[in-house]
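**Student:** Taking the hints into account, I'd like the entire structure generated from these sequences.
One letter stands for each residue in the lines below.
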Amino acid sequence: MLALELLAVSKRYGARRALAGVDLAVPAGSALGLLGPNGAGKTTTLRLLLGFARADEGSVRLRGLEPSEPASRIGVGYLPERLALPGRMTVRGCLRLHGALAGLENDEIDGEVAAVLRQTGIADRAEDRIAGLSKGLAQRVGFAQAFLARPDLLLLDEPTSGLDPIGVRDARDWIATARESGCTVLVSSHVLSEVERTCDRVAIMHEGRIAASGAIHELVRPGEDLEAAFVRVVRG
Amino acid sequence: MMRPPTRAFRLLAFEALHDGVRRRIVPVIVAISVISLLAIDNCTGCASSSITVNGEAVDVGAAAGWGGALMFVVLGLWTMVLAGVLASDHLAQPLADGTAALILARPVGRSAYALARLAGSLVISLATGALLLSATALLLHARAGVPLGPAVWGLAACALGALCVGAFATIASLVLPQIATTLLVLVAVAWIASVNLLTQFGATLEGFHGAVDRFGPPLASALVLALSPWIESVDVKGAPIAVGLRLVVWAGIGVALLVVGFRRIELGR
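Listed in order, the protein sequences are those of chains C and X. All you need for my numbering is the position in the first sequence, starting with 1, plus 55. All you need for my numbering is the position in the second sequence, starting with 1, plus 73.
Don't read these hints as lab results, they were simulated from the structure. Mixed in with the good hints there might be a few duds.
Pair by pair, the computed Cβ-Cβ distance ranges are [said to hold, decoys possible]: (1) Ala231(C) with Ala169(X): 16 to 24 angstroms; (2) Val307(X) with Arg143(C): 33 to 41 angstroms; (3) Leu278(X) with Glu124(C): 43 to 51 angstroms; (4) Asp165(C) with Ala169(X): 44 to 52 angstroms; (5) Arg227(C) with Ala229(X): 56 to 64 angstroms; (6) Arg137(C) with Ile326(X): 30 to 38 angstroms; (7) Asp170(X) with Glu251(C): 31 to 39 angstroms; (8) Val286(C) with Thr79(X): 47 to 55 angstroms; (9) Glu262(C) with Ala315(X): 19 to 27 angstroms; (10) Ser248(C) with Gly325(X): 53 to 61 angstroms; (11) Asn93(C) with Ala315(X): 57 to 65 angstroms; (12) Asn93(C) with Leu111(X): 22 to 30 angstroms; (13) Asp111(C) with Ile108(X): 50 to 58 angstroms.
Glycine included, each C-beta is placed from N, C-alpha and C at the ideal position.
**Tutor:** Laid out in structure tokens, this is it:
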């Protein structure tokens with residue numbers, strides 16, 4: 056069963072072509088790293104999957120549904136590249152709201168919120184206003200809201216941006232834990248080492264196309280690391 | 074599990090109201106409302122006295138009805154302007170700062186989100202309007218015996234007008250900057266109210282102005298017609314039920330366009 060699928064998807068922003076015939080399928084339970092230089096189309100791919108934008112051509116399915124249907128986003132945890140949280144809210148208040156919107160019952164919310172606060176190491180900041188948090192702590196709140204309601208699909212766009220080295224290692228552990236529980240993961244990132252450690256497959260995007268995809272060991276030639284393979288694919 | 078959209082709407086409308094009351098314009102609204110209440114108290118204060126002009130007694134009840142209707146219409150239009158001004162960035166702002174994206178990545182329909190933002194901004198303007206208009210009606214009733222029934226219809230007309238203006242302002246805010254939307258609200262309400270009032274008090278408008286009066290949202294007409302029992306000495310033009318229904322239709326069009334328009338837009342890159 057596929058957690059998400061793009062078939063021959065094209066997307067333009069005015070004269071600029073963002074995606075050109077992208078085919079991408081992520082089976083449930085797998086972890087795919089979406090790699091590519093700036094402007095390759097990674098974030099556009101995520102925007103199409105979440106229904107934020109519409110494809111000009113082709114078909115996009117999230118959990119088998121049109122992304123414009125709210126039901127397609129049930130069980131989806133999303134961490135955007137440019138995380139924007141409501142600064143006036145406390146960490147707990149924000150997570151309670153997201154828990155409720157994610158579909159948690161009222162009597163489940165507090166327990167779930169406490170669990171993700173502990174998991175992401177921000178339990179002691181639960182009553183702080185988000186506006187007063189550092190970028191790294193805000194990113195942890197971003198992870199916490201993505202992990203709410205035990206998602207079965209995580210869409211993470213540059214997830215470690217703003218995190219310190221300890222935060223990066225923690226994030227890797229959180230993603231690994233989610234994978235162990237059967238969660239499908241799609242990570243869009245520039246950080247190749249992060250993708251290498253968290254994903255079993257990668258798709259390298261370049262100029263709006265999937266230039267290469269497959270298991271990491273299939274893409275990397277003898278004597279290469281992922282970075283060398285990435286440069287080879289992107290530079291042709 | 075998919076939750077009923079009403080739950081998401083309720084949660085988001087509450088958050089939208091929270092966002093709304095923290096806006097810098099709210100203290101200004103409170104200050105203007107307090108001044109308005111003092112003015113209402115002052116203006117209705119003379120209603121219980123007897124007035125004689127050139128040795129002849131003036132019908133104070135009729136004067137109070139006129140004054141009350143004027144106050145009611147001005148405050149009703151102020152409420153509608155307020156609804157438009159508050160709506161001019163209440164949906165656009167979270168779209169611009171990115172907080173909407175995180176919400177809409179949840180199983181939340183765009184309709185629920187757009188309507189919740191509109192509702193959050195409307196609560197503030199409607200609460201202000203309800204306070205000012207109720208105070209006007211109650212003081213006039215207590216001091217000059219002006220009937221309360223028309224005020225109830227006037228409140229309903231004001232609420233529908235505010236919904237209409239708020240919905241169209243929200244739609245405009247999706248394509249215009251806030252300042253342009255605010256100016257558009259001010260110009261549109263002033264223009265519509267002017268043609269409505271001119272026509273109702275006997276002027277004959279042709280062409281575009283006449284069409285706006287006959288087919289446009291009757292923001293001021295609905296208020297005046299609701300209050301016509303307070304100004305019986307004047308023959309107010311227009312059928313109250315038809316005008317009321319036209320306002321309902323325009324409010325419905327505004328909300329429907331907002332829902333359809335917001336479903337079609339792409340969220341910021």
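**Student:** Now tell me if each hint is right for this structure.
**Tutor:** Consistency of the hints with the structure:
For the hinted restraint 16 to 24 angstroms between Ala231(C) and Ala169(X), the CB-CB distance of approximately 35 angstroms leaves it violated. As the Cβ distance of Val307(X) to Arg143(C) is approximately 49 angstroms, the hint placing it in 33 to 41 angstroms is violated. In this structure the supplied range 43 to 51 angstroms holds for Leu278(X) paired with Glu124(C), their Cβ-Cβ distance being about 47 angstroms. For Asp165(C) paired with Ala169(X), a C-beta distance near 32 angstroms fails the hint of 44 to 52 angstroms.
The hinted range of 56 to 64 angstroms is satisfied by Arg227(C) and Ala229(X), whose Cβ atoms lie roughly 59 angstroms apart. A hinted range of 30 to 38 angstroms for the beta carbons of Arg137(C) and Ile326(X) is consistent with their spacing of about 35 angstroms. For the pair Asp170(X) and Glu251(C), the beta carbons lie near 34 angstroms from each other, so the given range of 31 to 39 angstroms is met. Checking the proposed 47 to 55 angstroms range against Val286(C) and Thr79(X) shows it holds: the Cβ atoms sit about 52 angstroms from each other.
For Glu262(C) and Ala315(X), the Cβ-Cβ distance of about 60 angstroms falls outside the hinted range of 19 to 27 angstroms, so the restraint is violated. Between Ser248(C) and Gly325(X) the beta carbon distance is about 56 angstroms. The supplied range of 53 to 61 angstroms therefore holds. At about 59 angstroms, the CB distance of Asn93(C) to Ala315(X) agrees with the hint of 57 to 65 angstroms. Judged by the Cβ atoms, the range 22 to 30 angstroms given for Asn93(C) and Leu111(X) is violated: they are separated by roughly 59 angstroms.
Distance hint for Asp111(C) and Ile108(X): a CB-CB separation of about 54 angstroms, consistent with the stated range 50 to 58 angstroms.
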